[in-house]
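Colleague: Residue numbers (our numbering): 1 to 236.
No lab work stands behind these hints, which were simulated from the structure alone.
One or more of the hints may lead you astray.
To be verified - Straight-line distance between alpha carbons at most 16 Å, and here's what the computed EDC-like set of lysine to aspartate or glutamate pairs gives:
id : residue 1 : residue 2
1  : Lys87     : Glu75
2  : Lys28     : Asp107
3  : Lys87     : Asp107
4  : Lys193    : Glu210
5  : Lys87     : Glu134
6  : Lys193    : Glu149
7  : Lys42     : Asp53
8  : Lys87     : Glu71
9  : Lys193    : Glu134
10 : Lys42     : Glu52
11 : Lys193    : Asp225
12 : Lys87     : Glu112
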Amino acid sequence: MVDAEREARPERPGEAEGAADLFRSIGKQLRLLRERAGLTQKEFGATVGYGEDLVSALERGVRIPQPEFLERADEVLGAGGLLEVTKDDVRRAQAKARTRHPEWFRDYARVEAEAVALHDYSTQVVPGLLQTEEYARAVFTQRRPLLDEATIEKRVADRLARQLTFERWPAPTFSFVLEETVLQRPIGGRAVKQDQLRRLLGVGRMRTVELQVMPTGREEHPSLDGSFILLTVPNQ
1 MVDAEREARP ERPGEAEGAA DLFRSIGKQL RLLRERAGLT QKEFGATVGY GEDLVSALER
61 GVRIPQPEFL ERADEVLGAG GLLEVTKDDV RRAQAKARTR HPEWFRDYAR VEAEAVALHD
121 YSTQVVPGLL QTEEYARAVF TQRRPLLDEA TIEKRVADRL ARQLTFERWP APTFSFVLEE
181 TVLQRPIGGR AVKQDQLRRL LGVGRMRTVE LQVMPTGREE HPSLDGSFIL LTVPNQ
């Protein structure tokens, strides 16, 4: 039983900040090349097989650009290798990112990244793996004691980076059960809530994901002890 929402301050801020700077730099280059090509984020995303929201996140440097994306984007935008050449740097940054968490969280982060199946039951907020950027920011902003702005942005970026597990292959399978009140609570405001609900609908359509809602009106409840996460790892 693991509380995966308790992501603490990284032990090696130098490495983490260096990776974040790299992703922001690549994002700026991507945006410049896209605009020079006369493409909107939606048009560019349709060409490379990415959603508009994901393209936006990549340009802001809050999502890790995958090697396949860099190759395709380089080709589509006529970058002449400018984006593709960053692949090795991104791989090294990803490897370092695995050690950015404190020791108590590293084992979980490693297992989550390697798991073949994940089962999550949440009672208070949308699980981190399903959160939009603005929803995650609202969650961290409301933490007590208060976090400074730099820490909030770092934790948002780390949380979004964990969502890359949906994109790896072979794909793990996911099962999420959310209490009905989680969907009703407008954390961050109604606009953030609406975007988060759309995100859930999108993820719920993935063939690797099962998304269920526990009605508040149920007279029986199999998990009165609270939230939990179960991970299935491959045989060693």
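Colleague: Does each hint hold? Answer for all of them.
Modeller: These are the hints, each one checked on the structure:
1. Between lysine 87 and glutamate 75 the CA atoms are separated by roughly 14 Å; this keeps the pair inside 16 Å, and the hint holds.
2. The hinted pair formed by lysine 28 and aspartate 107 fails the criterion: a straight-line CA distance of about 33 Å is larger than 16 Å.
3. Between the alpha carbons of lysine 87 and aspartate 107 the distance comes to roughly 26 Å, so the proposed pair goes past 16 Å and is violated.
4. Of the supplied pair hints, the one linking lysine 193 and glutamate 210 is violated, its CA atoms being roughly 21 Å apart against a limit of 16 Å.
5. The suggested pairing of lysine 87 with glutamate 134 is violated, with an alpha-carbon distance near 28 Å, which exceeds 16 Å.
6. Between lysine 193 and glutamate 149 the alpha-carbon distance is near 22 Å, which puts this suggested pair outside the 16 Å criterion.
7. A threshold of 16 Å between alpha carbons decides the hint, and for lysine 42 with aspartate 53 the separation of about 8 Å falls inside it, so the pair holds.
8. For the hint linking lysine 87 to glutamate 71, the alpha-carbon distance of about 8 Å falls within 16 Å, and the restraint holds.
9. For the proposed pair lysine 193 and glutamate 134, the alpha carbon gap of about 9 Å is at most 16 Å, so the pair holds.
10. At most 16 Å may separate the alpha-carbon atoms for a hinted pair to count; lysine 42 and glutamate 52 meet this at roughly 5 Å.
11. Restraint check for lysine 193 and aspartate 225: not satisfied, since their Cα atoms lie roughly 26 Å apart, outside the 16 Å limit.
12. Between lysine 87 and glutamate 112, the direct Cα distance comes to roughly 23 Å. Violation of the 16 Å bound is thereby established for this hinted pair.
Hint violations for this structure: numbers 2, 3, 4, 5, 6, 11 and 12, all remaining hints satisfied.
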